[in-house]
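J.: Here is what each chain is made of, one letter per residue.
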Amino acid sequence: MKGQLSYIIKPITLVMIIVLLIVLYQSISESTVREKLAQNRLNAVSGTTDVLLVLANSYDCLAYRTGSESVYSNVVDVNKLDDFSKKYGAIEPECARSYEFGWRAKIYEVGKDGQPTGAIWAFGAQDFSIGDARLDYMNLSMPIAIRRSEKMISPGKMEVVLVEGDLEKIAGGIDWFCQVGKKGRMTSSSFSIYIHGTVDYDAGSLCLTPAGSKKKNCRQMLCQLEFEGLKSAGEHLLSLSYVEGKVVIK
Amino acid sequence: MKGQIFEIFGFLILAIAVIGVILLIRYFMVGSFGKTYLAMAERHVYEEVHAGVNSIFFMTEEKSGRSLMELVGVAAYMGNDTINFGSSIGDVNVVKELEWRFDALYGKGHWHLQAKYPDITPDVQMVMVLDASASMCYAVKEISMKMPALIESFVRQGKGVTATLYMLPGGADCCNGYKLQCANQFNETPFFHCRGITDIESKCDTKTAKGTGIQTDEDYGNGIACAIEAGPVEEWNPLSVKLGIVISDELPVGSECFGDQRLGCCPGQDYAEQKKSLQAGIDSAKKYKIPIFTIQQLDYEDKESKKCGTICFRNSGCPGGICNADLQLQCACTDTVTQYHRDMASATGGDAFTLDSLSASDLIDKINEIIIRAEPVRKPNLEAGSPVPSNKNTRVVEVLIPVSVSGIYTKAYVTQWS
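The listed protein sequences correspond, in order, to chains F and Y.
According to this note's numbering, the first sequence is numbered sequentially starting from 1.
According to this note's numbering, the second sequence is numbered sequentially starting from 251.
Calculated directly from the structure, the hints in this document are not laboratory data.
Mixed in with the good hints, there may be bad ones.
[As the list claims (entries may be wrong)] One side only, chain F facing chain Y, incomplete, derived with CB under 10 Å: (1) Ile9; (2) Leu20; (3) Val23; (4) Ala38; (5) Arg41; (6) Leu53; (7) Asp83; (8) Ser85; (9) Leu140; (10) Ser188.
[Unchecked claim] DSBU-like cross-link-like pairs, simulated, lysine-lysine; straight-line CA separation at most 35 Å: (11) Y:Lys616 / Y:Lys396; (12) Y:Lys539 / F:Lys151; (13) Y:Lys346 / Y:Lys358; (14) F:Lys80 / F:Lys246; (15) Y:Lys453 / F:Lys106; (16) F:Lys80 / Y:Lys358; (17) Y:Lys629 / F:Lys151; (18) F:Lys112 / Y:Lys642; (19) Y:Lys346 / F:Lys112; (20) Y:Lys313 / Y:Lys409; (21) F:Lys214 / F:Lys86; (22) Y:Lys537 / F:Lys106; (23) F:Lys112 / Y:Lys629; (24) Y:Lys525 / F:Lys112; (25) Y:Lys313 / F:Lys151; (26) F:Lys80 / Y:Lys453; (27) Y:Lys537 / F:Lys112; (28) Y:Lys453 / Y:Lys526; (29) Y:Lys539 / Y:Lys557; (30) Y:Lys313 / F:Lys106; (31) F:Lys106 / F:Lys10; (32) Y:Lys537 / Y:Lys526; (33) Y:Lys409 / Y:Lys366; (34) Y:Lys409 / Y:Lys537; (35) F:Lys112 / F:Lys183; (36) Y:Lys453 / Y:Lys525; (37) Y:Lys661 / Y:Lys313; (38) Y:Lys526 / F:Lys106.
Don't be surprised by glycine CBs; every beta carbon is placed ideally from N, CA and C.
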């Protein structure tokens, strides 16, 4: 009887151990995914805050400065706002460019009720990754002062929408190489990227069509490209070379 | 049987260990990222608060065009939340200006600001107008002898006091060796000046006296209006405590019943010119928010018996060039003059004083009292927003504020909560 009981218990124990190990494996996998998501979230919030701070505090961006004196933190120059709105209507300004994210800033004056009044300025990327191709999204704001003249500095807010996704990563990687290539510091490079859809290049814009969607999301590129596109979703290795002012991608 | 029990226990220990591993993985891997994420989110909120505070202090107030940091600095110097920028700009309430901006950016009930006002005594600037008729010979002697020394004594105590005496037209030549004019009568110092009112009349006559200008040696209503409008010799300092002082023994323009040969005040007379002059002084003082203190010289030799005195001055029209005139007219009008002085003082936030004797020996005591009383009541600090809750997570930003003129700094603490 003892022996028969042992024959029953041992297989049951074995099965339960296997089940436990599967649960352990799944839990580790799930934790890794969560960790990845949390890391993305962390990067997004950190990236958005950084963009806001750089825009509002850097003289190269929007911060006001008198002559050679120090920069006024969080006081943005209305002339620069006008200039940025014209020059960077479809792409992030270089002073606050992140090659991992895409972002668009909106700046407006606020009235006594805290609501927008008067002019609104916007600049940065106009289109972002959507669906599975979008890894994270963040929308944060920061108070600023908008300087029209020495005697007219009014309250305002700067909002930044930041997106991390396949389009932003591939465009960011190519734009980064373009910048380095223009300065003559690198002539060839490569990187691998996972794309949730297809990619094509047309008229100065890189476009991503998410899998199962017909809508293209496009980004203006810094350099002219020679690129036949990526015809399928999945992992791709891109080889880049900088030739006569163009980025050639194979 | 024992062996099977051990097998089951072994499995249980394994199961507990696996569950423990799963929990540890969740706690350390995901939990730590959760904490970091919260820290990053908090970093953003802190940067948002810091940016808001920084930008608000750089924002300008619409009427004055000055930044809020400058306004808080001025308020700290004055020890008062409300700053007066003169007639064209008017009052600016610093707390209200801060409140709407902070409310707009952080929402009502989510912030608190406190800035300590340093212990500063602001400078005092005075413009004085002296009736230049011969009955004021006593006063001019007192002022000449004692006024510069009085101002110097305040300066030696570390108080910034300056006075500009504007002499009405007239220039009576007194028997006591003085003349009712500025030249050679007063020791000019960096803190005490004497000027004839006619020297500044071009700066103000059309503005203050409705085109009439300063008419007589007793026209102290228009005179003080002009003095306030033109300011002292060193010009008005927007941060000083400002005072106007009028010294006279008659009605503005004069106590005479014009066209009437009777002596003394005329109850039936409407004193239209006198009232117009008085009102010009009141209007100007109210416009600039400068209180007027009046000092009425009594023309009695004896205050109790009201025995009227006489004055002595030099004039070629009198025998031997010496005139001795009694003060019947002035004495008869004393009560009316007192009422005019009170009206002017009360309408402008000042006070009316009466000297004790014809000799005007206590004139400097009265001016001393006016200067001492001019020190404003200071608030200990600027406070705005809602009380800081004890049960909320708060963020505090410290801002260094330069206090105007003084060369020192004070700190403003802004507390924000969600």
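J.: Is Y:Lys313 within 35 Å of F:Lys151, Cα to Cα?
T.: Roughly 9 Å between the alpha carbons, so the hint for Y:Lys313 and F:Lys151 holds.
J.: Quick check on F:Leu53 please, does its C-beta sit within 10 Å of some C-beta on chain Y?
T.: holds (6 Å)
J.: Once the shortest beta carbon distance from F:Ile9 to chain Y is found, is it less than 10 Å?
T.: holds (5 Å)
J.: For the pair supplied as a hint, Y:Lys537 and F:Lys106, is the alpha-carbon distance within the 35 Å limit?
T.: violated (45 Å)
J.: Does the structure keep Y:Lys453 and F:Lys106 at a Cα separation of 35 Å or less?
T.: violated (51 Å)
J.: Verify the proposed pairing of Y:Lys526 with F:Lys106, using a straight-line Cα cut of 35 Å.
T.: violated (60 Å)
J.: Between Y:Lys409 and Y:Lys537, is the straight-line Cα distance small enough, at 35 Å or below?
T.: holds (26 Å)
J.: Are F:Asp83 and chain Y close enough, Cβ to Cβ, to be under 10 Å, as the hint says?
T.: violated (20 Å)
J.: Does the alpha-carbon distance linking Y:Lys453 and Y:Lys525 stay inside the 35 Å limit?
T.: At roughly 23 Å apart (the allowed maximum being 35 Å), Y:Lys525 and Y:Lys453 satisfy the hint.
J.: Once the shortest beta carbon distance from F:Ala38 to chain Y is found, is it less than 10 Å?
T.: holds (4 Å)
J.: F:Lys106 and F:Lys10 were given as a pair; does the straight-line alpha-carbon distance stay at or below 35 Å?
T.: Given pair F:Lys106, F:Lys10 is violated - Cα atoms ~67 Å apart, limit 35 Å.
J.: Return the status of the interface hint for F:Ser85: holds when the least beta-carbon distance to chain Y is below 10 Å, violated otherwise.
T.: violated (20 Å)
Comparing the model with each earlier hint shows violations of hints 7, 8, 10, 15, 22, 24, 26, 29, 31, 35 and 38; every other hint is respected.
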